[in-house]
Every structure is written in structure tokens, then in C-alpha cells.
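Enquirer: Here is how the chains run, residue by residue.
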Amino acid sequence: MSRAGRAGRPRREAWIVVDLGFGDAGKGATVDFLVRDRGAVGVARFSGGAQAGHRVVTPDGRSHVFSQLGAGSFVPGVRTHLSADVVTHPLALLFEAAALARAGVSDGLDRLTVHPDAPVITPFHQAAGRLRELARGDGAHGTCGVGVGEVMRQATAGGAVLRFGELPRRGATLRRLAAAQEEVRASLGHALGVDHPDAAAERALLDDPQVGARWLEALQPLLGRTGLIAADGLERLLAAGPVVFEGAQGVLLDEWRGFHPHTTWSTCTTANAERLLAERSYDGPVTRLGVLRSYGVRHGPGPFPSEHAAWDGLAEAANDDVGWQGRFRRGAFDVPLARYALSVCPVDGLALTHLDQRGPARAVTAYRATSDVAGFVRDDRGDVVSLRPGPPKDLEWQQALGQALDAVTPRWAEAPERSAGFAGWAEAALAVPVALTSSGPAASDRRWRQEPLR
Amino acid sequence: MGYGSYSHAAHEAITSARAALPRQAVFKQTACHPLMNPHGIRFRESRDSAVHPESLGVVFALDVTGSMGAIPDQIARRELPAFMTSLMDCGVRDPQVLFMAVGDAYSDKAPLQVGQFESEADKMDQWLTWSFLEGGGGALGSESYELGLYFAARHIDMDCFRLRGKRGYLFMTGDESPYPRVSRQQVKALLGDELDDDLPVAVIIQELQRSFEPFFLIPDQKRRARCERGWRDLMGDNVIAMDDPADTCAVAAGLVALCEGAVADLDALAARLKASGMDRKRLGGVMRALTPFAAATGRAGGWPALEEAPVPDGTDGGGHHRPDGA
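Quick mapping for you: the protein sequence lines, in order, are chains A and B. Here our numbering is used: the first residue of the first sequence is 1, the next is one more, and so on. Here our numbering is used: the first residue of the second sequence is 1001, the next is one more, and so on.
Bound-form chain A, shown alone:
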């Protein structure tokens, strides 16, 4: 498809892709498909940060897990912009670019712009995040061990967060790094002394005065690039043609709408993307796509009512149980949770993924619950069929919801065996059109069921 409209002017389209579950639904492949199908000129990241892991498989079988580079990068010329909402990890960017080069794309960084206000994860934040999670022991929250939460903690506490645009000023950055090292150490308290075999290396890093300089030195191949830091990166993309906004994580992990404390530090709804568009007075068409797996997954701890061993045998390409995040859990398609996600993050269409491997033909359509919380929405039989979000930023409400979810008994219903039937069934259950279906990892495995843009 041509990137220019019929009159020769660039076509204007904005697509926002978010995950309506706990993440891992297939955002990366959906973004790759949209970029190819719509002839997009760029991908904008508007949430999350370096902990993202969006896997894309090309038609010729190469693959890459996109983390900070946009999931459209396999398509030649397609650019990536990281907005000021993305918590960046500049050193990991270099590692990711090297990995992408091994998958045959060597100019990933040449096609990247980063907003100067984007927060930066330093090695100290990463170390602190790990130490804190180690200190939690069995009460682990499920972190990716990347340090995003630590940067947000610092920002919330009124601390001065290092911004991407500051990095080229070496002297000032070194002073900021030294201050960050101190600040992080002081904030850790007893977590600094946690007794765990993995803790020693992190502590050593917080003690070593040379780490800041070494880190900045290692970043030179990135920071030496002209045009990398650009406050108007998104404006330029929007002016050039269709843009796909690539969400991170999942609505059910949203900092305010997830089930506290098993949440992330980021807004996972379409809100940031819509704000960015409004700030730039964009008045072209916007289509919001919510990605849902046709069964449930949750990587790490937290409420997951439909979790069931019958789904455990399904293959998973990019996720495993090892590392900082904990176990990769599976279960059935959960209608009440999906309805809740749609109520806090309305979309124009669904992208239903993994239709090729759905596991048993069962889904959870309601919960039986003996306890009662204000957020339960019940049908006339008294079963919980959806959840109601609380007032804005009411974490107690969200925590109560989460605890109540831990105590419900799922009601199992028969779901259609065939994937075509399942898409129609899900559409009816959720009252949102299924726009896109996928039955495999590559863009060629994706099909429009009904195109939301006519």
C-alpha cells in the first residue's frame, strides 16, 4: 500500500494498539502487521519502557523481540519515536540494536528519535529495583528487573530524574549520576543489606564510584548520533503518513486500573497516546485496537482467576519461567476481566490472537463469589459478570478488587472449538467488534475480519 494518498499528500492515520490483558497478548506482531498493511511511516511508543518484550517474526522466518525499538522496524525505512512517557534504558538500546542487526536489520538506531524529556534508567536504578525485589522474598510483586519502577519511584518522591536530553552533557550527567547513586543507596534502607546470593553484585555496583563514568563511556556509540534526540519526532512522523502507537504491558497491569499492588508504574491504556495526539492538534482518524489472547496468560504473581493447568502445555516462544519476573502462567479466556479492561480502556476493535492454539474449548464467563466488594457487577443469578472501576486513583478500591478476585470460583462455559466461531463468540460476549484475528506469529498469519477504517 502506498504511503501517499491519492492527491500526493501523505495519508493521515493514527492506530493505537494496547493489550487488554496482563500483557503478552501479541502487541508486537499486531503492530508489525498494521505497519505493513497500512503503509505506516513510523511507530510511536507512548508508555512503559525498556521492560517491553514484543516479539515479531518476519515472513522469511527471522525474529526479534522488540523492547525499545518499535515493532515495525523490520519494515525498511519505518521509524521509531520514544515519547517523553517512555522510561528509557539507553545501554539496553545498544544491546537491542545489536540483536536486531543479527536478525538482518542494521539501521535500527538510525531510524530512532527519542524525546529529550524521556526518563532514563541508570545502572543504579536497575540495581535498586533488583535489591528491593530480592528483599521482598516470597511477597515479590513480579518485576522485570529492569529498573523502570525505581525511576518512577524517584520521580514520584519529587527527586530529579535524569532525562534523555541531558545525556550528551557529560560533566553535568556525571554529577547527576553520582547524586543518583547516593540517592538510590539512601532510599534502599534495609533492602541494601538483603541476604541473597544475587545481591552482592548489585551492592558492589552501588559502591563503585567508577560505574557512572563507565556507563556514560559505553553509551557513546548511541549519544554520538545526530538527530537522535528530537522533541518534534512525533510531529514529523504524523506529518509524513500513518503512525502506529505501540502500547506496552497490559491494561490489567495499569498503575491505577490494575489490581494493586500487582501493577506496573505506567499507564497502559490508550490515554497517553490520545493525549499526545491532542497536544499536537492531530485531527485525522484515530483507531484504537485492543489486543486479547484467546486464552489467558499472566507472567508473574497477582490475581488470575481463570488460571488452570489444562492450558499449561501451550507453547510460548519468548516467555519462560526463569528470571526476575517469575512464572509464566496460563488459563482460560476470561470474559469478566476482558469486560473490565474494556470499561477502563474502550477500543474501536479487538485483535484476537493465538487462535491457532487455544487449548480446551472452555472459557470463564462469570465468577461465583461469596465475598462482596463494591466493584463486583452481578447478573440476576448473583454471579459476577464484570468488574466496576473505582473513582480515579483509588488504590484501595483496586486492591480490594484484586483480593476479591483471588477468592472467586470461576464458572466455566463451553466456547466454540473452531477459531472462526470463537471470534464471533468473543465479539458477542464483549460487545466489541473483532477487527483482526491471528493464527500464528507472523504478519501473514493475521487477517482483517472487519476493517474498522472504512
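Treat the hints as calculated values from the structure; they're not laboratory data. Misleading hints may appear alongside valid ones.
[Stated by the list, open to error] Non-contacting residues of chain A with respect to chain B, defined by C-beta distances greater than 10 Å in every case (computed): (1) Glu183; (2) Gln357; (3) Val385.
[Said to hold, decoys possible] Lysine to aspartate or glutamate pairs mimicking DMTMM-like chemistry, simulated, CA-CA at most 25 Å apart: (4) Lys1188(B) to Asp60(A); (5) Lys1222(B) to Glu307(A); (6) Lys1109(B) to Asp1193(B); (7) Lys1109(B) to Asp107(A); (8) Lys1188(B) to Asp1198(B); (9) Lys1222(B) to Asp198(A); (10) Lys1281(B) to Glu307(A); (11) Lys1274(B) to Asp1220(B); (12) Lys1222(B) to Asp312(A); (13) Lys1109(B) to Asp110(A); (14) Lys1281(B) to Asp1089(B); (15) Lys1222(B) to Asp1244(B); (16) Lys1123(B) to Glu1054(B); (17) Lys1281(B) to Asp198(A); (18) Lys1281(B) to Asp1265(B); (19) Lys1222(B) to Glu1079(B); (20) Lys1281(B) to Asp1244(B); (21) Lys1109(B) to Asp60(A); (22) Lys1109(B) to Asp1265(B); (23) Lys1123(B) to Glu1045(B); (24) Lys1222(B) to Asp195(A); (25) Lys1222(B) to Asp1237(B); (26) Lys1109(B) to Glu1194(B).
Note that beta-carbon positions come from the ideal geometry of N, C-alpha and C, so glycine has one too.
Chain A is already provided as a structure; the job is to place chain B on it using the hints.
Expert: Coordinates of chain B only, in the frame set by chain A:
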């Protein structure tokens, strides 16, 4: 949500606990060194000589993919140079060690690199320096271990086996599963061999076991979960899960000592390692890694069944006695 590989690798790179020398300074290669390119090699040879009349071939195959993080670097730089000495400490008179680097044939430029058998540590070191640590690897939880196993089975000729019927040892490190088949196309492209068909990995391991006692070493307990089961199905008791990758060479040398009967059992090995100055914590790790294997073969120490585990006399093919007689 949640993926940390790039930031983990970045974090590792900056952690002060790593040795000061950057890895690029040790591994200068940016592509497969021509002398390590396996294409067209008929045989790598381990030969007896006047100085080394009882050569014993030992192959060390190191997984050099990104999923192994800094481990290959660490093993190669700190551990392998002393491996030769450890083997001699364990009672092997004339060890000859060949170093092999294994990657992923679907994504790496140099998925298999093969050195030569060497009897001296400094020559061994040269092969390590020549090897190119690509740090790539496949995304699908597999690496091309089967290609390394294939090479060892079909392209290595050792006097210990040919003249004395004594099997050599192969140690492969890694944290993923092999691909289920040795690919005909890959073997053709990488080695120049013509196969009629793909070979199941179990078949090539059986073939390898004729001339080698192969072991698979998993570097730490975190990585154990993702690959142990598959390797156990293929190699049984010869899958060794370690606490710490730094123990790789001590564990490998210990396995040789146990199999060669250079020490009677684990207790005797522990005593010997302690006498050589190994600290208690490290000794504990090595013993924990070796215990399941030693128990399975009746060499755990303090076991009444010791006499059932015959000391190899060079007539049974070398290596430890397999309970099923294979």
C-alpha cells in the same frame, strides 16, 4: 509484559563484579577465525607421542550464545586455562583438550567453531582467543548443540579410542535444548558433509557414545528448569546441574577423576580438592553438582555398593560403567 534480556545484558556489562578487562580485548575475533572454521575438516586428531604416550581426548564445547550471558567469557578466560592442570591433578597423565564453540545455526554467522587438540595450556589459550564470541543465539529456546555433537561423533579421531578402546570425554555447557534433528542443510553448509536425511539428535548421541563419554553441564540452578528435562531424556545421569558456572572446570575434572577411577569416590575427591587449596564454599558447590551422578554410578562415597562400580581397566571402552551395559 515483561522482558528484560537487553537491559539484563546491559546491566551485566556494567556490573563491577565482572573482571576489568573488557571481553572484546580477550576475544578479538569479529568473525570465525579461518583456523576454527569446521568446513571441510575430515578429522581433528588426538594422537599419542613420545612425550604423551597415553593421550586421552577431552572435548570442551562451550555454548557462546547470548542466553549464556557472560558465562562463556568467564569460563574461557578464568577457568579453562587451568583445566589442563586440574585434569592432571585428577590423575590423567596425558590429557589433550580440544575447544569448540557452539552457537545457533539459525541466527549466528559462526554457529560452530572448532580448535585443535592441545596438550599444553598456553596453546589451548590461543584457540580460546581465536574464537569469536558472537553472543547471538536463537529466540526459540534451542541452540545448535546437535551440530557440536555431530562434529564430535563423526569428525574426531583419537588414539585413546582407536588404539586402546578407551573413550574420550566430551563436556558441553549450555542452558537450552538442542534442535531435535541434525539438519542436513546445515551440515552441508557448515561442514560440507552430505547426509541423506536429517538425523535425530538421540541417534547422533548414541553414535557419539561409542567413542566419547559425553556430559551436559548446566551453569546454574536458575537455568536448570528450562533445559534439564530434555537433556535428561537424551543423556540420563550425564546431565550435571551446577550452582555456579565458575565451577565448570572443577566439575568436569572431577567427573573425569571419578570415571577414570583416579579417586575411589566423592569423599576421596573432596579430600584431594581440599588439599589442592579449594575454598570450602566452592568445594561445596562442586560436590553438590557431582553428587547425583556419583550416587547413580555408585561413587557417592560412604555407600556400601562401592564394589559394584568397577574401576575401568581400559577394556570396557573407558569411562564409567553404564548400568544398562550400553
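Enquirer: Each of the hints needs a verdict: does it hold here or not?
Expert: Comparing the hints with the structure gives:
1. Non-interface status of Glu183(A) relative to chain B is upheld: no Cβ of that chain comes within 10 Å, the nearest being about 18 Å off.
2. Listed as a non-interface residue, Gln357(A) keeps its Cβ farther than 10 Å from every Cβ of chain B; the least gap is roughly 15 Å.
3. With a cut of 10 Å on Cβ distances, Val385(A) stays outside the contact zone with chain B, its closest approach being about 26 Å.
4. For the given pair, Lys1188(B) sits about 21 Å from Asp60(A) by alpha-carbon distance, which is consistent with the 25 Å threshold.
5. Restraint check for Lys1222(B) and Glu307(A): the C-alpha separation of about 24 Å stays at or below 25 Å, so the hint holds.
6. Restraint check: the Cα-Cα separation between Lys1109(B) and Asp1193(B) comes to about 18 Å, which is no more than 25 Å; the hinted pair holds.
7. Using a Cα cut-off of 25 Å, the hinted pair Lys1109(B) and Asp107(A) holds, with the two alpha carbons roughly 18 Å apart.
8. Between Lys1188(B) and Asp1198(B) the alpha-carbon distance is near 11 Å, which keeps this suggested pair within the 25 Å criterion.
9. Pair hint Lys1222(B) plus Asp198(A) holds up; C-alpha atoms about 11 Å apart against a cutoff of 25 Å.
10. Straight-line distance between C-alpha atoms of Lys1281(B) and Glu307(A) comes to about 40 Å, which puts the hinted pair past the 25 Å bound.
11. At most 25 Å may separate the alpha-carbon atoms for a hinted pair to count; Lys1274(B) and Asp1220(B) meet this at roughly 22 Å.
12. With a CA separation close to 20 Å, the supplied pair Lys1222(B) and Asp312(A) stays within the 25 Å bound.
13. For the proposed pair Lys1109(B) and Asp110(A), the alpha carbon gap of about 23 Å is at most 25 Å, so the pair holds.
14. For the proposed pair Lys1281(B) and Asp1089(B), the alpha carbon gap of about 20 Å is at most 25 Å, so the pair holds.
15. Between the alpha carbons of Lys1222(B) and Asp1244(B) the distance comes to roughly 10 Å, so the proposed pair stays at or under 25 Å and holds.
16. Taking the CA atoms of Lys1123(B) and Glu1054(B), the gap is about 19 Å. The hint holds against a cut of 25 Å.
17. With a C-alpha separation of about 15 Å, the suggested pair Lys1281(B) and Asp198(A) falls inside the 25 Å cut-off, and the hint holds.
18. The suggested pairing of Lys1281(B) with Asp1265(B) holds, with an alpha-carbon distance near 20 Å, which does not exceed 25 Å.
19. For the hint pairing Lys1222(B) with Glu1079(B), the CA-to-CA distance comes to about 21 Å; that is within 25 Å, so the pair holds.
20. Distance hint between Lys1281(B) and Asp1244(B) is fulfilled; the C-alpha atoms sit about 11 Å from each other, no more than 25 Å.
21. Restraint check for Lys1109(B) and Asp60(A): the C-alpha separation of about 17 Å stays at or below 25 Å, so the hint holds.
22. For a cut-off of 25 Å, the pair hint linking Lys1109(B) to Asp1265(B) is broken: about 43 Å separates their Cα positions.
23. At most 25 Å may separate the alpha-carbon atoms for a hinted pair to count; Lys1123(B) and Glu1045(B) meet this at roughly 15 Å.
24. Between Lys1222(B) and Asp195(A) the CA atoms are separated by roughly 17 Å; this keeps the pair inside 25 Å, and the hint holds.
25. Our distance criterion of 25 Å between C-alpha atoms is met by Lys1222(B) and Asp1237(B), whose separation comes to about 19 Å.
26. This hinted pair checks out: Lys1109(B) and Glu1194(B) have alpha carbons roughly 21 Å apart, not beyond 25 Å.
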